[in-house]
Amino acid sequence: MTAVHARTRPPRAQRFREMSGHIGWGIVAWVAGIAFFLPVLWMVITAFKPESAAETWPPKFTFSPTLAEFRLVFAGWGPFVTHSVIATVVSTALVLVLAVPAAYALAIHPVKRWRDGLFFFISTKMLPIVAAIGPLYVIALKTHLLDSIWLLIILYTAMNLPLAIWLIRSFMLEVPGEMLEAAELDGAGRLRQMGEVIMPVISPGLVSTALICVIFAWNELFLALNLTTVNAATLPMFLISSVPQEGLYIAHLSAAATVASVPVIIVGWIAQRSLVRGLSMGAIK
Amino acid sequence: MADVKYVQATRVYAKDAPPAVDALDLDIKDGEFMVLVGPSGSGKTTALRMLAGLEPLDGGRVEIGDKDVTWVHPKDRDIAMVFQNYALYPNKTVAENMGFALKMRHVPKDERARRVQEAARLLDLDEQLLSRKPKALSGGQRQRVAMGRAIVREPQVFLMDEPLSNLDAKLRVQTRSQIAELQRRLGITTVYVTHDQVEAMTMGNRVAVLAGGKLQQCDTPRQLYDNPVNQFVAGFIGSPAMNLQTVPLTEDGARLGGTIIPLPTAVRTAASQAGLRELVLGIRPEHLHLADATGEIKGEVMLVEELGADALLHVRLADSGNQVVARTEGRKPPAPGQPVTFHVAPDDVFAFHPVTGARLVG
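Top line first, the protein sequences correspond to chains A and B.
Heads up: the first sequence begins at 1 in my numbering, then just goes up one per residue.
Heads up: the second sequence begins at 1 in my numbering, then just goes up one per residue.
These are computed hints drawn from the structure, not numbers from a lab.
Beta carbons: idealized from backbone N, C-alpha and C, even for Gly.
It cannot be assumed that every hint is accurate.
[Stated by the list, open to error] If we take Cβ atoms under 7 Å as the criterion, some of the chain A residues that face chain B in the derived model are:
{"no.": "1", "residue": "E181"}
{"no.": "2", "residue": "D186"}
{"no.": "3", "residue": "P200"}
Work out the full structure: start from the sequences and follow the hints.
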């Protein structure tokens with residue numbers, strides 16, 4: 001009885017300690033959250049300012065909001081968006097199509113020397129991309145893929161594939177072996193096992209993997225900047241191109257950046273639930 | 001329906017390690033409920049998986065219904081397995097889980113539904129549960145779905161790998177008798193793996209006791225209890241376990257608790273032929289009968305475990321100081337610290353070789 005009593009009404013000192021603990025962590029969380037969010041907020045606010053009000057110091061908080069900069073952005077962004085969407089969607093789809101079988105071969109029925117394979121995939125990410133840009137440029141030039149959307153699709157696929165394989169492999173390792181054995185006894189071949197047993201279990205993981213690939217491809221600048229000019233230029237290129245040689249540009253850049261971040265935020269919002277489930281799939285049963 | 005045969009079946013996991021299953025010979029009759037029992041690492045689950053086709057054989061063969069299935073794919077063996085953690089498909093409903101194997105065999109939809117419902121009825125699974133996902137079921141219901149998945153297939157052999165170990169104690173006892181009863185009704189040959197000797201004794205027509213990958217003894221529960229072939233089986237079957245005491249041999253018996261326990265001539269001959277100075281005596285707790293002061297085995301009560309119907313006395317023996325357990329009537333057990341004496345019938349005494357553990361038979 002005493003134990004129950006103590007649980008419902010802890011002594012005052014203990015309650016105070018618990019409360020102050022909660023409050024302390026609450027403050028830390030808020031400070032960290034605001035610190036991360038402030039620049040974003042600043043970007044969004046600036047996007048609605050007229051160019052003249054954008055670059056004042058100290059920053060003005062009273063201004064007459066305008067959509068002028070957004071109008072400018074929407075007027076010029078058409079081809080860039082198209083390129084970004086194509087490069088992102090097609091490369092992400094390719095990544096999933098290639099990564100799922102690869103992960104299967106590394107997790108469910110591990111091939112010989114699967115460790116080496118796994119290490120090879122991740123080792124491709126160890127080289128700084130700057131070191132590879134020279135050869136990439138030459139290859140692209142010789143294969144007539146410079147400034148082509150296909151070049152970006154191939155490169156983004158290659159860029160995201162290692163991470164996707166690692167992620168999907170870890171999700172597949174979570175699939176209980178007995179479930180696959182049960183399916184085998186039930187008469188399901190390997191393709192059936194894949195489609196009916198493995199895929200439904202790892203689908204939240206696939207969604208979060210896809211989302212990560214989308215974000216990386218959507219925000220990629222370096223390769224796009226060096227290997228495309230007009231025909232395949234993506235949204236990050238558009239952001240750069242909104243910086244004029246002279247004159248004021250902060251408001252315009254902010255508007256463009258805001259517009260460019262919106263799709264990722266929307267996708268993230270939609271995928272939020274499976275993202276959390278997918279990323280923490282290994283953590284809880 | 002079919003009989004099952006293991007012939008010198010062997011499985012070696014690692015080259016330098018001893019075999020997980022070592023030359024197992026086992027004949028399981030058509031319609032029989034065979035329990036494989038043993039401690040962890042005894043090879044019982046491996047033996048079951050060899051029969052399922054989930055574990056390849058490194059020697060010998062496995063037969064189902066007089067057909068050598070050693071290299072037959074699991075799905076073509078016409079068996080159904082119930083897994084320890086049930087291994088239900090989380091994204092499928094109960095009905096889909098149960099009907100999956102039939103779907104894979106292209107059984108028409110309405111036939112499938114009929115058989116699923118029949119199995120559900122057999123298992124007392126509520127019709128409403130059929131449309132739920134496993135996540136929404138209790139542990140006991142999941143267990144029954146796993147059973148249902150096996151029953152629906154009407155296989156030649158049921159394989160069950162500790163299907164009750166995830167249930168709480170009360171439900172386990174209940175389900176235990178249900179499974180045994182169901183098996184008798186369906187008459188399908190069943191191989192059941194458990195580490196729980198009570199489950200083994202209560203469910204099996206026959207029980208195969210395994211240890212260290214080797215078959216120790218395969219017999220009816222009664223025979224295992226009455227006639228264990230070696231010290232391992234004697235100690236493993238029965239709860240609480242048989243008292244096993246290494247005792248010195250004398251002219252006409254063995255010295256235990258301040259007395260000489262007489263041994264049959266044949267046992268004494270066997271012991272002297274083996275050149276033994278001592279042997280292991282085995283007496284079951286229920287065969288140590290409390291006798292006021294007239295008993296020959298003397299000791300002192302150290303601890304009393306009250307079980308209600310009866311009580312377990314932990315007794316320190318007079319001469320060796322070793323502890324034995326005696327089962328006694330529960331009403332008025334002696335108190336700790338009290339000196340007690342026991343009587344034991346000569347027929348209830350087992351003798352084992354102290355090194356090999358083999359039974360010295362009289």
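key: Numbers of the earlier hints that this structure fails to satisfy, in rising order   = Hint check: nothing fails, all pass.
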